Amino acid sequence: MKKSAIIGALAASTLLAGAASAATLDDVKARGELNCGVNVGLTGFGMADANGTWVGFDVDLCRAVAAAVLGDPTKVKFVPTTGETRFTALASGEIDLLVRNSTATFTRDVDLKFDFVGINYYDGQGFMVKKELGVSSAKELDGATVCIQTGTTTELNLADFFKANNMTYTPVTVQDDSEAQRQYLAGACDAYTTDASGLAAGRATMADADNHIILPEIISKEPLGPLVRHGDNVWGDIVRWTFNTLLIAEEKGITKANIEEVAASSTDPEVRRLLGLEGDMGKMFGLDNEWAKRAIAANGNYGEIFETNLGTGTPIGLARGLNALWTQGGLQYAWPMR
Amino acid sequence: MAFATSRAEASKGGFRLSMLIYDTRFRAITLQVVALILFLLFIGWLTDNVIRNLDAKGKDINFGFLWVRAGYDIEQTLIPYTNDSSHGRAVIIGLLNTLVVAFFGCILATVIGVIVGVLRLSNNWLISRLMTIYVEIFRNVPLLLWILLTFVVISETMPAPAAFKITPAILESRAALEGIEAQAGGNGFWSRITGLQTLSLPFFLWLLALIGISASAWQYARSRLDAGKAALIAAIPAVLWIVAALTVFSPSLSPVLADSEASAIGPTEPAASKFFFDSIALTNRGTNVPAPLLDRPLGGTEIVSVPVNYSVLAVIAVIIVSVLANRSVIRRANKLQETTGTRPTTWWISLLILFLPLILLLVALGLHWEVPAFPVNDEGVSQGFNFRGGIQVMHSFTALLIALSLYTSAFIAEIVRAGIQAISRGQSEAAAALGLRPGRTMKLVILPQALRVIIPPLISQYLNLTKNTSLGIAVSYLDLRGTLGGITLNQTGRELECMLLMMLIYLTISLIISSGMNAFNSAVKLKER
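Residue numbers (our numbering), protein chains in the order written: chain E, 1 to 338; chain R, 339 to 867.
Any given hint could be a false lead.
[Claimed, not checked] Pairs of lysine-lysine residues, derived as DSS-like cross-links and limited to a Cα-Cα distance of at most 27 Å, are as follows:
| no. | chain 1 | residue 1 | chain 2 | residue 2 |
| --- | --- | --- | --- | --- |
| 1 | E | 131 | R | 612 |
| 2 | R | 503 | E | 131 |
| 3 | E | 113 | R | 397 |
[What the hints assert, rightly or not] Simulated restraints, written as ranges between beta carbons of each label pair:
| no. | chain 1 | residue 1 | chain 2 | residue 2 | range |
| --- | --- | --- | --- | --- | --- |
| 4 | E | 335 | R | 382 | 28 to 36 Å |
| 5 | E | 133 | R | 551 | 40 to 48 Å |
| 6 | R | 398 | E | 335 | 53 to 61 Å |
| 7 | R | 509 | E | 167 | 21 to 29 Å |
| 8 | R | 359 | E | 107 | 51 to 59 Å |
| 9 | R | 696 | E | 204 | 56 to 64 Å |
| 10 | R | 613 | E | 107 | 17 to 25 Å |
| 11 | R | 398 | E | 133 | 41 to 49 Å |
| 12 | E | 218 | R | 389 | 42 to 50 Å |
| 13 | E | 133 | R | 798 | 43 to 51 Å |
| 14 | R | 480 | E | 167 | 36 to 44 Å |
[As the list claims (entries may be wrong)] Per the computed footprint, the stretches of chain R lying under chain E, defined by three or more beta-carbons under 8 Å from a beta-carbon of chain E, are:
| no. | stretch |
| --- | --- |
| 15 | 397-411 |
| 16 | 721-733 |
The hints are simulated quantities; they were obtained by calculation from the structure and are not laboratory data. Remember, predicted model here, so these are calculated numbers, not experimental data. All C-beta atoms, glycine included, are put in the ideal place defined by N, C-alpha and C.
So that you can see chain E by itself, here it is in the shape it has in the complex (with noise of 0.2 Å):
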């Protein structure tokens, strides 16, 4: 009997999977509502505000992608995930996107069976440690005791790093980032580590944010981007362009405020293409030809999410770094809309 409760809760949960595997499109259109899985709580990325409301870098995207398929922003269903629970959720079904601070590896892509559809935010691994340790380098933490994050790549990065320096280190592993942060307040770590957009993040929320500092060590590559199903190339497609058209959007200055009106006035093929005002691009994919417009109109182009949520007129203060466009400097690159 034990033998067969295993299999029937092992079958019971991987029926669920099949189920809802194959057109998400279909499938989000006949819910009304896109199951969007997110960070549990990592301000300026995603998580609820005092009334509830999700807000956040990583949410407007969501809320952009809901925009283009549904037509309204605010028919997402945020589905709070741990570093530990996004890729079984995003496998089972559970939800159809995850936008959740995940770095784009090769495991990820291939093994899991995922797909990375963009890179929203290009990000490296950082420290961060009270200032009255007297610490100034990553390299100098030989023998610390460090906060980490389980089921992420920091927890492979950390260790790499460690050994590569020649240093030990104790590891304490916690579940998210409040858990951390938190551990990291009580002492129980010397070095809280993870994304540095993170850290400044989880910084600008501390009571005394003075007197922390983030160590200048980056010590990996972390792009951190929106993924789906592997084999739903529609759906793909979908995220990915509504990403890109709000890269597009930034790189021709169309914004939240007057899209109306360059709607209305402007002569640029490119741009008439974009909000739908020339060709059929959007009935290639099985939407109508207004989502892109609808996209941009829910939280503006690019670069005011980014300001909005992560830049230097919030808390959090990060600058747009590798996250300009390329006409500034940046990565962010998008496909021509053609």
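Following the hints, complete the assembly by docking chain R onto the known chain E.
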């Protein structure tokens, strides 16, 4: 089907198919066979479903990841492990972490549980009510909350490792203090007595303790000895207490320096200090205890990449031999007592047999302790972030162990109480009539009989405790759930394989525990002839 048919044909000549339903002799078998077939079909359908769905997602069932480099680090490793080790080894590390918590948890829970269970039946109103409160508090609050509470309490109340460090500022203050002391004429024995602060709270507490110690020692001694000797006995602890005041407590009782001079100097000792002869350090991260080191170890080998230490084996072997030898001494003493009526004095023989060989072996191996300490530079300033040397027992382990033990002990206490109450009152009355004191009645008469009632439910408590160790994930304890079901699962994305393997391992552990306990049960249960 075939079974039913062949039996029918063998026993009776005229068998009709309808008899399978209408004949009561066959109906029971028919129903069981049908149920079995349906059950097997159901399993087959589920298995088929799993395979089909995995296939549809382009996934296979493959345990090859167990031999791939793990790449992550684990904070508590009982056998050697680095991030170059395989996922399979990480699984074993996790399994050992699970087992070590479960093992010590079961022992601790049993000890506390038995004590609480027995005390709950005490005639002392206060003690029995206190034990009732204990049981009700621990068993009515979810285990996870106890684990988190224990973890938070022990990690937030302890000082950070940095508080143990000797900073340049401390060295400066020490130098300054030495200068002042040299002027004041040192802090000799005499200055400690003259500088006694008789109007301070520490002195008052100390005096109170002195009176208490003397009075209780005197009272204890008087009940056994005559008055003259009793006074002598009572004087010994009092003298010891006064000596302690002049040596150990002297800074708080008689600060040698005037306050004004001392306050000008910063702290001369780190904010926190190790205790137990400066060997154990409690920090907000863990408990640093000394590690045993051998000057002349016997070496060791590796069996299937699990290290085997000959020195440890030798120690275990000596202990086993000593215990066996001691048993035979006691057996001989019992025999002698039964035949002649006088029991030879054995306590010193037992002590010698039990401890002398072990001590000799450890001296021969050159046992010494590596005390955890911060490395210091030439000036004597502590370096680094954490204690070096010794063994660090992480608070995740301690918190999990304490919470699991306390929680499970509440249930065990109830089981013990039930077992004791199942023994009829006549037994204890008979024991009392024989002149046995309550303690011996419990030990010799009640508990041996109660065990047969206690052990079966105890098995399931042990199983519960073992499975509950998986809650360690809440305090970042990397047990089997944390390694195989957590990091390995995430890094490899092999959910099905990891879950299957984890279930299989937990199932195996549980079956081993319950079969072991069942064997124990059949050994102690009432033998009916």
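Hints, verified against the model:
Distance hint between residue 131 (chain E) and residue 612 (chain R) is fulfilled; the C-alpha atoms sit about 26 Å from each other, no more than 27 Å. About 17 Å separates the Cα atoms of residue 503 (chain R) and residue 131 (chain E), which keeps this hinted pair within 27 Å; it holds. With a C-alpha separation of about 8 Å, the suggested pairing of residue 113 (chain E) with residue 397 (chain R) holds against the 27 Å cut-off. In this structure the supplied range 28 to 36 Å is violated for residue 335 (chain E) paired with residue 382 (chain R), their Cβ-Cβ distance being about 49 Å.
Here the CB-CB span from residue 133 (chain E) to residue 551 (chain R) is close to 46 Å, well matched to the stated 40 to 48 Å. Distance hint for residue 398 (chain R) and residue 335 (chain E): a CB-CB separation of about 34 Å, inconsistent with the stated range 53 to 61 Å. For residue 509 (chain R) and residue 167 (chain E), the hinted distance range of 21 to 29 Å is satisfied, since their beta carbons lie about 27 Å from each other. Distance hint check for residue 359 (chain R) and residue 107 (chain E): the Cβ-Cβ separation is about 58 Å, which falls inside the suggested range of 51 to 59 Å.
At roughly 59 Å, the beta-carbon separation of residue 696 (chain R) and residue 204 (chain E) lies within the given 56 to 64 Å, and the hint holds. For the hinted restraint 17 to 25 Å between residue 613 (chain R) and residue 107 (chain E), the CB-CB distance of approximately 48 Å leaves it violated. Between residue 398 (chain R) and residue 133 (chain E), the C-beta spacing of about 48 Å keeps the proposed range 41 to 49 Å intact. Roughly 44 Å separates the CB atoms of residue 218 (chain E) and residue 389 (chain R), a value that falls within the hinted 42 to 50 Å.
Restraint check, residue 133 (chain E) to residue 798 (chain R): a C-beta distance of roughly 48 Å satisfies the suggested window 43 to 51 Å. Checked against the hint of 36 to 44 Å, the C-beta distance between residue 480 (chain R) and residue 167 (chain E) comes to roughly 40 Å, which is consistent with it. For the stretch 397-411 of chain R, the stated coverage by chain E is satisfied: 4 residues place a CB nearer than 8 Å to a CB of that chain, which reaches the threshold of 3. Against chain E, the stretch 721-733 of chain R contributes 6 residues with a C-beta closer than 8 Å to a partner C-beta. That satisfies the three-residue criterion, and the hint holds.
In this structure, the hints that do not hold are numbers 4, 6, 10, in rising order.
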